[in-house]
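There are 2 protein chains.
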Amino acid sequence: MKQVKVAILGASGAVGQELLSILAERNFPVSELKVLGSTRSAGKKIRFRNKDYKVEQAKPDSFAGMDLVLSSAGGSVSRELAPHAVKAGAVVVDNTSAFRMDPEVPLVIPEINAEDIHKHKGIIANPNCSTIIMLVPLFPLHRLARIRRIVVATYQSASGAGARAMQELQAQSKQVLDGKKPTVEVFPHQIAFNLFSHNSAIGKEGFCEEETKMMNETRKIFHDQSIRVVATTVRVPVFRAHSEALFVEFEHDVSVAAAREALSQAPGVSLVDEPERNYFPMPLDASGKDDVLAGRIRIDPSIEHGLALFVSGDQLRKGAALNAVQIAEVLFPA
Amino acid sequence: MKQVKVAILGASGAVGQELLSILAERNFPVSELKVLGSTRSAGKKIRFRNKDYKVEQAKPDSFAGMDLVLSSAGGSVSRELAPHAVKAGAVVVDNTSAFRMDPEVPLVIPEINAEDIHKHKGIIANPNCSTIIMLVPLFPLHRLARIRRIVVATYQSASGAGARAMQELQAQSKQVLDGKKPTVEVFPHQIAFNLFSHNSAIGKEGFCEEETKMMNETRKIFHDQSIRVVATTVRVPVFRAHSEALFVEFEHDVSVAAAREALSQAPGVSLVDEPERNYFPMPLDASGKDDVLAGRIRIDPSIEHGLALFVSGDQLRKGAALNAVQIAEVLFPA
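As given, the protein sequences belong to chains A and B, one line each in that order.
Numbered by the working numbering, the letters in the first sequence go through residues 1 to 334 in order.
Numbered by the working numbering, the letters in the second sequence go through residues 1 to 334 in order.
Hints may contain errors.
The list treats identical chains as interchangeable, and a pair is accepted whether it falls inside one copy or across any two copies.
The calculated lysine to aspartate or glutamate pairs, modelled on DMTMM-like cross-linking and capped at a C-alpha distance of 25 Å, are [unchecked claim]:
| # | residue 1 | residue 2 |
| --- | --- | --- |
| 1 | 54 | 290 |
| 2 | 204 | 304 |
| 3 | 44 | 116 |
| 4 | 174 | 285 |
| 5 | 51 | 67 |
| 6 | 181 | 285 |
| 7 | 121 | 224 |
| 8 | 174 | 185 |
| 9 | 289 | 178 |
Derived by calculation from the structure, the hints in this document are not laboratory data.
Note that this is a predicted model, so its numbers are computed, not measured.
Generate the whole structure from the sequences, applying the supplied hints.
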């Protein structure tokens, strides 16, 4: 088995922590580990496979000798450091939005377009979490009858904004229950017992960055520039799994039975669709799971060839860290 | 000013309580008040305008001499007792789903179809809360360019399931924060830090009752059988305001400016649409307000003549009690 020298960039963040536990869980052949972070987190201790590692400050010369860099330290850090890592001979699997729409950089969900991994020129981009959670269950349906349009409304957890945002949801909830005024610091608005439009910048057409990512990344991952997507992305007071209401229009009819069959066999998807007991995908059930849960499948009577469904997936796992490790597994096969 | 003898059916419930405070707030000319409820709530004391009233058990002969019955005691109670109230000479404004789709019964949102009130034969139905919160802001847009299709995903608060459901959200949230296993009693699934498909019965086409109501009631209220609606309804851990992501297709183009202008002038709507500071409708802001908040207005680039928006409205006020009192105000003008 090939042994891999791995650097984690952003090791102390929510995704970084999840990357380390998934590498351990899946017995990824890490022969050497370097944990890198900002000035703020340099010196912190990080545990991996019963051993402590000290976070080093990430610098352009941090990557000498590394085979693989898993980066989740934010777009500007990736933009600055990824080229240095590539120059040093490493392959970078980047969890940020920095390179996703770069035509030279493959954007990959292994269940969908694993073959794109091999076209890389040093950097492979991990899609946005909401895109991954949407497309893993939609791909088997796309193969059945070609998707023409997706309307999606999201229910996104605090984890998508990092560990501090999860702590803020917890702290604010306690404050509200205690009758105190909640402290608003990480998110722009109170998240406890509230919800709000996704806190990313709004572009001139009125869509926030999170929505634009879902709309653009879908076409790149599916290699189909004709798919139309419209998204409304919303933060909800949930800790770590994203949910999405999907309304999909196909080129041809897809029956509920055919959709169920396709989803029950698709890699990375668990069918959760029990109308008798009103049991469908929920973020609580998706948390900590590798699979995206998909269900509430029904014919959309308001349009031709339409299907509605509901999905939930762990934002930190399949939405980020797991997908990155799956890409690394293709790069460095056992 | 006409003096009105009012009976409240379901007075101790969440909507009943809100009905009483709205009648007081708006100086509705109540000359006599009767508070009615189930065996369970009979004997309870209810306060109205600094006076205590004892809840009487609701029976077929409870309505003698009453002018107006405001009913929010559940569909089966309304189905049984409303005809007796009508026989006794009262007009019933019914908050349940019992008579909404009855062709003999007007289904009214006063900002939209107040003229239907006068066609009543003793019963006037108050629409479903999610329908009201969706249609108040959509009606001024429908008048601009005729709505052809609505795709809606809801974010519904605990209040829609009554006072006990709101208490359950509070109790479960405390349990989760204390590291305890939450007690699931009122809702079928944990609501704290979770969300799930609306807990109403699923029909044979896969839609739950809440969704079917939104789809059918829209056509009746707009007097337009050709409007197509598809809904996914979801419960979220929010106390008392519902939010909705709306994707609307019109017969003709509607510009963002025209939509903003129409919404800023529409009765019952507050425009909350500030992309510069990422400030849009939120349930926390909508709670306790009469107006439905509408914003995040943008052109849907995935379809011709499409517009996307986001709305939040107080489920107990405009979604239920306020709408019923507004109907009563038309029935008994000052």
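**Request:** Quick one: which hint numbers does this structure break? Sort them smallest to largest.
**Result:** 1, 3
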